[in-house]
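Chemist: Residue strings, one per chain:
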Amino acid sequence: MAYTLKINEQLVEVDAASDTPLLWVLRDHLGLTGSKYGCGSGYCGSCTVHMDGSAVRSCQLPISSLDGRAITTIESLDKQHPQLIGAWVRENVAQCGYCQAGQLMSAAALLNASAHPTDQEIDAAMTGNICRCGTYVRIRSAIHHAAAERTSTGASE
Amino acid sequence: MNAIANLSPDFSRRGFLGVSGVLVLGACLPSRGMLGQEHQASPFEPNLLLAISSDGTVRVTCHRSEMGQGIRTAIAQVVADELDADWARVEVAQAPGDVKYGDQNTDGSISILLNYERLRTAGASARLMLRQAAAKRWAVDVEDVRAVHHEVIDADGKRRLGYGELATDAALLPVPIGAPLKSEAEHRYIGKPVVHVDAEAITRGQSHFGADCSLPNMATAIIVRCPWLGGGVRAIRNKPSNAPGLVAIEILPPAPSAGPLFAPLGGVAVVAEDTWTAIKIARSLEIEWTNSPNHGFNSKALQESLREAVMKPGTPVPGSGKGDVDAVFAKGGNEVSAIYETPFLAHAPMEPPVAIADVSEKGAFVRAPLQDPQSARGLIASYLGMALEKVEVTLTLLGGAFGRKSKPDFALEAVELSKRLARPVRVQWLREDDIRHDYYHAPSVQHHRAIIDNQGMPQAWLQRTAFPSITTVFAAQAQAPAPFELEQGFSNLPYAVDHQRMESTGIRPGVRVGWLRSVCNVFHGFSANVFADEMAAAAGRDAIEHRLAMLPTGGKLNQPGMPAPAGHELDFARLREVIERVRKLSQWQRPRPEGVGLGFAVHQSFRSYVATVLEASMVNGRPHISNAYVVLDCGTYVNPDSCIAQMQGAVVFGLSLALHGSIDMEDGAVVQSNFHDYPVLRIAEAPATKVELVPAQGRLPAGVGEPGVPPVAPALVNALFAASGVRYRSLPVTA
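As you go down the protein sequences, you meet chains A and B in turn.
Mapping the first sequence onto my numbering, position 131 (from 1) lands on 131, and the numbers just tick up by one.
Start counting at 1 in the second sequence, then tack on 1000, and there's your number in my numbering.
Simulated from the structure, these hints should not be mistaken for lab results.
Possibly wrong hints are sitting among the right ones.
Cross-link-like lysine to any residue pairs, in silico, SDA-like; alpha carbons within 25 Å at most [what the hints assert, rightly or not]:
#	chain 1	residue 1	chain 2	residue 2
1	B	K1280	A	Q120
2	B	K1322	B	H1568
3	B	K1192	B	V1175
4	B	K1690	A	K79
5	B	K1690	A	S18
6	B	K1182	B	K1690
7	A	K79	B	V1195
8	A	K6	B	K1136
9	A	K79	B	R1204
10	B	K1280	A	K79
11	A	K79	B	E1200
12	B	K1136	B	A1155
13	A	K79	B	Q1206
14	B	K1239	A	T127
15	B	K1280	A	T4
Reference excerpt, derived from the structure (chain B facing chain A, CB under 8 Å, subset only) [said to hold, decoys possible]:
#	residue
16	D1198
17	G1205
18	F1209
19	M1350
20	L1397
21	Q1479
22	G1514
23	A1645
24	A1669
25	Q1672
26	V1680
27	A1684
Model, not experiment: these values are computed from the prediction.
Glycine included, C-beta positions come from ideal geometry on N, C-alpha and C.
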């Protein structure tokens, strides 16, 4: 069945079964491989994208539920959150890197909602994103740095 | 030739893939600075690991697998340093599996140790050749020209030539022997923190892992495997004959219980045009499986057998008997005795196993996240009965591995399916497949028994260990733990005891076991460190004071069983130093609030020394870890920031197994299936972590990826004892 989706500010046509999760639409049908498969059940957060600005698990969203929704993936995160990308690189957060797209999308949604999150707020917002390499302490640090930079550049105003 | 093809010339020669195939593959090459950089073919390639093109781009070829430890960066740092290259003009290519690179088995935390001198020599030789080329052109003595930061400069500093400008001339020179290496003080990148070369691409979602590459006309396979090892397909009750997107349903024969090496498990492969179609059909299948001896396997029964084993004499480690343990025990005294238990664990890297294969009569091409592409290549060639030269195994980044991806069974699955279907196939493991069909970290039981004096010093110490050996995967008759497993924290117990004996027992499991980050050091480091803490507590002594008192003040450990490699014997002074440093780093003597305890553990593994202190308390009946302090002596280190990251990650990995990890088998089938019932640590549980590196430049390099893990679980158990008075002797801690 054909669907029209809004992905990263672009309208795209996808022909897929109605129960196809957004994750596989992105990866198999659109070639946007930045969002990762980690568990298929919403436990790990590796597939996190934004739907209308909120962090969601793309493995849990069938294509049939996306009508009229705006989806943002890691591939275009730098347009809204260049500070987050910069802090992530400078802090050398990633180890293997597989979960990091999901981590970044969750972190971006957090900063959209809270300009200066505390460690507790970070832990609460990021608890759905597993990192098996254990980069958590750097994730906290990078979010703080990005928040500070967004304020100083006026990006979060 | 575009930059992408140039980075991996082998791809461009793969005619059977066609032009579009090259581009797709090229796009998958994880490489620094590959986007938008066109440069000439490399005229100057003094060795396998380094090439300089005429535009000055330095290409370092990494022949070890990148799984987050930062090896692609570290290898480039070493080469670029001795070359005195401009870091901004260094890019990293990834080597395929090929014996010409030497050892490629990225395992055992050994990449830098194996390659450090070789990489330095590669850079230094090229640097000398660039100087020789410039000296020749200027008709001056080579001693009168310097190579500094991507330029060769003459004695007056007036004439300068960039490395790129000299590359063609240098390529004509013979590779020198004995090129001068830099001194410590001259190092520009070695020993300095450097952001990983893949950090930017990863952060922008542009890097490529196993599932991120595609080949033209590629299909995706999901394989339903028998719940118990060795079962085959008797019948598929509801095999769909035709479904949209379905390519084929293929029955794969079951693997034998042991050997041939890393054989696929078999099962029913659902091959479809897209992943979701394959998943849906795979989940809908009702399959009847044949029986196998492993169908009756029960992990609880195995654990009981391991417990029984350590209550009886085992096989002594050769040469481990000192004094007369039995006589001291018979005489009696203040006896401390304890049993420690650890369960099966799954690796659960965030990227489940995945592989792409394209097999035809012309050859086999495999692209996958593998820890050892070279041995995988050999296994694939022999599996197909194909000449080695016709098999190409290339790597993506590994989305975590922790030992799982040193076993290329998933690549063999892709090879088999591609061969049958005569088209490229990607085999994607689901998380459930990963948790239920792993090469599991072995469960274990240790029994420690000692007679201590009033200072807690052991007069006699008997230690027994029992666990299923990794060798059971390789041979149907194997049972006893191997010396290399006992050498991991058991036969190399460093404490001075007059009367001592070490015994081991192995029991065959009904599942595949395999090495997981730190391997047997995980459970041996756990039991020995908790037992030492128990001896200190029994004598009412400070744990660190007691530990230092148990250690010789200097010299090297002469360990029974498998000896340490020459130059890497356990050095008591270095062990003491990490203990002293972590005492200071953690402010060990500073009183903590009521209910908050400190726990200490120290362990030498992979030739490195790690001491860890955790600060923990019980909050709402669950352990809460507030702070972690880690000191690492890994000898010479290349990238201190990577070392710190590995210690931070090791705390998280160690706490995952200490607090959550347990895999159980009932009737041969694994009970757990995904992160809801095999949880790993989440961010809220991760403590603030301070890491200190022992300045040890000039010493032999040692391991970094694994040695941070073993001290974590015992430090936690010891901290919880200090906090609550309760001693947890089984992992995971179930408070």
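Chemist: Are the hints correct? Go through all of them and say.
Modeler: Here's how the hints hold up against the structure:
1. K1280/B x Q120/A: violated, 39 Å
2. K1322/B x H1568/B: holds, 23 Å
3. K1192/B x V1175/B: Violated, at about 29 Å.
4. K1690/B x K79/A: violated, 34 Å
5. K1690/B x S18/A: Violated: K1690/B and S18/A sit about 49 Å apart, past 25 Å.
6. K1182/B x K1690/B: Violated, because 32 Å separates the two Cα atoms, which is more than 25 Å.
7. K79/A x V1195/B: holds, 23 Å
8. K6/A x K1136/B: violated, 62 Å
9. K79/A x R1204/B: holds, 11 Å
10. K1280/B x K79/A: Status violated; Cα separation ~35 Å.
11. K79/A x E1200/B: holds, 15 Å
12. K1136/B x A1155/B: holds, 14 Å
13. K79/A x Q1206/B: Holds, because 15 Å separates the two Cα atoms, which is no more than 25 Å.
14. K1239/B x T127/A: The given pair, whose Cα atoms are some 40 Å apart, is violated under the 25 Å limit.
15. K1280/B x T4/A: holds, 23 Å
16. D1198: Where the cut-off is 8 Å and the nearest Cβ of chain A is about 7 Å from D1198/B, the hint holds.
17. G1205: holds, 2 Å
18. F1209: Holds: closest Cβ of chain A sits about 6 Å from F1209/B, inside 8 Å.
19. M1350: holds, 4 Å
20. L1397: Given a least distance of 7 Å, the restraint on L1397/B holds.
21. Q1479: Interface hint status for Q1479/B: violated (32 Å vs cutoff 8 Å).
22. G1514: The hint is violated - G1514/B has no Cβ within 8 Å of chain A, the shortest such distance being about 17 Å.
23. A1645: Hint holds; A1645/B Cβ to chain A Cβ min 6 Å, cut 8 Å.
24. A1669: violated, 19 Å
25. Q1672: The hint is violated - Q1672/B has no Cβ within 8 Å of chain A, the shortest such distance being about 12 Å.
26. V1680: Where the cut-off is 8 Å and the nearest Cβ of chain A is about 6 Å from V1680/B, the hint holds.
27. A1684: OK, holds: A1684/B within 8 Å of chain A, min 4 Å.
Consistency note: the structure conflicts with the earlier hints numbered 1, 3, 4, 5, 6, 8, 10, 14, 21, 22, 24, 25.
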